[in-house]
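There are 2 protein chains.
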Amino acid sequence: MSKSVFYHAGCPVCISAEHDIIELIGKDNVDIVHFGEDNSRINEAENAGVKSVPALVTPNGNVLHINFGASMEAVKG
Amino acid sequence: MSKSVFYHAGCPVCISAEHDIIELIGKDNVDIVHFGEDNSRINEAENAGVKSVPALVTPNGNVLHINFGASMEAVKG
Numbered sequence: 001m002s003k004s005v006f007y008h009a010g011c012p013v014c015i016s017a018e019h020d021i022i023e024l025i026g027k028d029n030v031d032i033v034h035f036g037e038d039n040s041r042i043n044e045a046e047n048a049g050v051k052s053v054p055a056l057v058t059p060n061g062n063v064l065h066i067n068f069g070a071s072m073e074a075v076k077g
Numbered sequence: 001m002s003k004s005v006f007y008h009a010g011c012p013v014c015i016s017a018e019h020d021i022i023e024l025i026g027k028d029n030v031d032i033v034h035f036g037e038d039n040s041r042i043n044e045a046e047n048a049g050v051k052s053v054p055a056l057v058t059p060n061g062n063v064l065h066i067n068f069g070a071s072m073e074a075v076k077g
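Protein sequence lines, in the order shown, are assigned to chains A and B. Counting in the UniProt record's numbering, the first sequence runs from 1 upward without gaps. Counting in the UniProt record's numbering, the second sequence runs from 1 upward without gaps.
All the given hints hold, so there is nothing to weed out.
Simulated pairs of lysine-lysine, DSSO-like, Cα-Cα distance not exceeding 27 Å: (1) A:Lys51 <-> B:Lys51; (2) B:Lys3 <-> A:Lys3; (3) A:Lys76 <-> A:Lys3; (4) B:Lys27 <-> A:Lys3; (5) B:Lys27 <-> A:Lys27; (6) B:Lys3 <-> B:Lys27; (7) B:Lys51 <-> B:Lys3; (8) A:Lys3 <-> A:Lys27; (9) A:Lys3 <-> A:Lys51; (10) B:Lys3 <-> A:Lys27; (11) A:Lys51 <-> A:Lys76; (12) A:Lys27 <-> A:Lys51; (13) B:Lys51 <-> B:Lys27; (14) B:Lys3 <-> B:Lys76; (15) B:Lys51 <-> B:Lys76.
Everything labelled a hint here was simulated from the structure, so no lab data went into it.
Excised from the complex, chain A in its bound form (with noise of 0.2 Å):
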């Protein structure tokens, strides 16, 4: 099975759902990124369907938009 994906921004909303994701799946199992260290990963999330931080793309591809901490737009401004 590929990882999941967990994208953010490190709002406080993000590092929080970061923490909760980590502790429900296990750090080996996702892969984080954050915007404000890889900005060049933004497109890839916006191709996965990502439209706000923080979000959870699952390994079949599903995104899973998990509270609400940033729009994308936010992201990208």
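Fit chain B to the supplied structure of chain A, relying on the hints for placement.
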């Protein structure tokens, strides 16, 4: 570790998220509560901080609102 609780209301967004959550964390690690089958647990969910469904309440009590299926008001209506 106590289980997570996944609250939903049978909407398409809920069912899709239910499948994803079960795949991600394992069905033995989550209690599934369907308000259409057991509306006595709506109060419990609201007390836990659930504002909309589907939502996952983690073992440490954090609420992860996942995508958006329906508000709790709609669930009660």
